[in-house]
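Chemist: Residue strings, one per chain:
Protein chains: 2
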Amino acid sequence: MTALQFVLETSTPNGPRAGIMKLTHGEVLTPVFMPVGTAGTVKALTPRDLRRAGAQICLGNTYHLYLRPTTDVIHLHGGLHNMMGWGHPILTDSGGYQVFSLESLRKITEEGVQFRSHIDGSSHMFTAESVMGIQETIGSDIAMVFDECPDAKADRAYVERSMERTTRWAQRCINSRTRSDQAVFGIVQGALFEDLRAQHARALSAMEFEGLAIGGLSVGESTEEMYAMVRFVTQHLPRDRPRYLMGVGKPEDMLWAVAHGVDMFDCVLPTRNARNGMLFTDDGELTIKQAQYRMDLAPVSRECSCYTCSHFTRAYLRHLYMAKEILYSHLATLHNVHYYVNLLKRTRAAIVSGGFQEFVEEILVRRAAGNNRKSC
Amino acid sequence: MTALQFVLETSTPNGPRAGIMKLTHGEVLTPVFMPVGTAGTVKALTPRDLRRAGAQICLGNTYHLYLRPTTDVIHLHGGLHNMMGWGHPILTDSGGYQVFSLESLRKITEEGVQFRSHIDGSSHMFTAESVMGIQETIGSDIAMVFDECPDAKADRAYVERSMERTTRWAQRCINSRTRSDQAVFGIVQGALFEDLRAQHARALSAMEFEGLAIGGLSVGESTEEMYAMVRFVTQHLPRDRPRYLMGVGKPEDMLWAVAHGVDMFDCVLPTRNARNGMLFTDDGELTIKQAQYRMDLAPVSRECSCYTCSHFTRAYLRHLYMAKEILYSHLATLHNVHYYVNLLKRTRAAIVSGGFQEFVEEILVRRAAGNNRKSC
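Which chain is which? The protein sequence lines are H and P, in order. Positions in the first sequence are counted from 1; adding 2 to them yields my numbering. Positions in the second sequence are counted from 1; adding 2 to them yields my numbering.
Looking at chain H on its own, in the form it has when it is part of the complex:
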């Protein structure tokens, strides 16, 4: 297996780790935030913008790309890297999460999932083998196994059955691999049942995956439940492979997870919330439409070195937002992606220098103070 090499630079048992993940399209320093590029674009950003924001790796989504532009178009380009003009690492989600979200539109069997397209209602089938095939065509550096992410309200019996099927699918995914330049990660499920989580973590860790992900969190459970489960599951994952917490989350959530040994994150919050008017800073979030920013000549954050903060005022960004200008989404996304990516870079530097605890405490205190002040 040469598709992924993972070297830990510094780590403490069950604590924060700084690593280097070597992939086909380049190295990724961990812990890392991976901006989400669902349909072959991180919304509102060019690859050039993404790179300038410090991104080392971004996500694509198998479900969305399979439906549009469809696999043949990606194949014609020689893969997603070429098509979207991003020469650096890409991770693809398997589409499992998306098809299981289409509750009324899908049917699960041992073979796979029959579902209807959210675009045109057409009927499709995803299996472990087909999803791996699509991801091989996409040519991502890291492919994710086809898993079921059970509903947050599912009972123990269902979660257990689903988990066992996900394990069988995981083995089928491994069996269908044909590319030696693509890493594959397993996804640990088990909802909020500790024994099931531990059992699934052990089962997947015993398989030939280059990394392990924690799935099925940030799907409706409380923050406390999520935090407890992240702490629990990481203890059951192999130390020598990268750990990816899927779909999480707020800055505080990522810092908690890093503290317990997670290496990789993705989340739509920085991009989606940017478009909705929320801008992230060390002093909490700004809701840019608020009247208090109408005459505010400060940048979003004085400490931020992104293009947006280097050139534009809050008052101008508020104006663009109120006028529904496309440039607003571009500049806001630039800032938020820069913030997220660099929060993880700063976290890594703190781990390496031995100042992780102090760093996390400062961020948590400042952000809590800022957000409390704003909601008063």
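Lysine-lysine pairs mimicking DSBU-like chemistry, simulated, CA-CA at most 35 Å apart:
| # | chain 1 | residue 1 | chain 2 | residue 2 |
| --- | --- | --- | --- | --- |
| 1 | P | Lys291 | H | Lys109 |
| 2 | H | Lys326 | H | Lys252 |
| 3 | H | Lys291 | H | Lys326 |
| 4 | P | Lys155 | P | Lys109 |
| 5 | P | Lys376 | P | Lys326 |
| 6 | H | Lys155 | H | Lys109 |
| 7 | P | Lys252 | P | Lys376 |
| 8 | H | Lys326 | P | Lys109 |
| 9 | P | Lys24 | P | Lys252 |
| 10 | P | Lys24 | P | Lys347 |
| 11 | P | Lys252 | H | Lys326 |
| 12 | P | Lys347 | H | Lys326 |
| 13 | H | Lys291 | P | Lys326 |
| 14 | H | Lys291 | P | Lys291 |
| 15 | H | Lys24 | H | Lys252 |
| 16 | H | Lys326 | P | Lys291 |
| 17 | P | Lys326 | H | Lys252 |
| 18 | P | Lys326 | H | Lys155 |
| 19 | H | Lys291 | P | Lys109 |
| 20 | P | Lys347 | P | Lys376 |
| 21 | H | Lys347 | P | Lys326 |
| 22 | H | Lys24 | H | Lys347 |
| 23 | H | Lys109 | H | Lys252 |
| 24 | P | Lys326 | P | Lys347 |
| 25 | H | Lys326 | P | Lys326 |
| 26 | P | Lys155 | H | Lys326 |
| 27 | P | Lys376 | P | Lys155 |
| 28 | H | Lys326 | H | Lys376 |
| 29 | P | Lys326 | H | Lys109 |
| 30 | P | Lys155 | P | Lys252 |
Just so you know, the hints here were simulated from the structure itself, not pulled from any lab data.
Mind docking chain P on chain H? Use the hints.
Modeler: Structure of chain P alone, referenced to chain H:
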């Protein structure tokens, strides 16, 4: 008057001219296309993008900026250049065209125009003096006089009365000037009546304007009527001052006007049509949503050096368009603005080298052939 110096590098009587226009924020080589930044942003582009596309000067609109973000916000920033992060020349339209478009929402008197905001219905008054004051606060390099652009269907009597009032307003604009670093252009009206156009051109040319614009075209008349009027009016404009054809137009229209001695152009076509899926090239327009581009690995134009054409295929752009991705608007606008700006740069080079006729013929033939082929 040092707000504008205009030097003609090469010119022929009533023919094409290559000039240098020195403004407070820099030099502009003419003929020039000026991208439209209505509300303080060329839609979907950063100032950095705009500069990379080759833009030397862009437009702002007094009506839109006055209503939103409002003049006090622009004043607080020390002017529009600072607010929008564009350190190069800016021209502002006076708002005349906009308020006269609000047909049911405005009332014209000798004093000025009472109108209702298209945003919230609030009542406002524009006069020659107030519009000049707003443009001085905006701090544009070139301000336009407050004029009336009569309806295309207006009769001769109305056009004549309106024109005479526009002349009185023009004098009031001049009388109210207080900034020596801002040039002011007069606007020749007169609809499609040659004698009125000639009379107005003479009247405005006799006043202390640093440049003259041709207004009231591209408002519903035929292409033949517009072409004839451009040729006619330019003969009645002073040779030593820049000439600006407002709101025009297609590549062919601009080449025609340059051939008859026009120096400056603005138009929303490259930006608006980009967002609607139309991409300009020397071989005619591409409608990117067409199925023929689904598997097309070519760039929009092989001859184009813009970021979009250097990095992305038609197939990818079509995908982004179909998926309603914001990045589509960004990349398409980048290309179209680059095309328009550079078409005028290439035109200037052809004038300077003495190859203007050949250049125009080649472009017209190629574009006509391309557009005919596409519509077959």
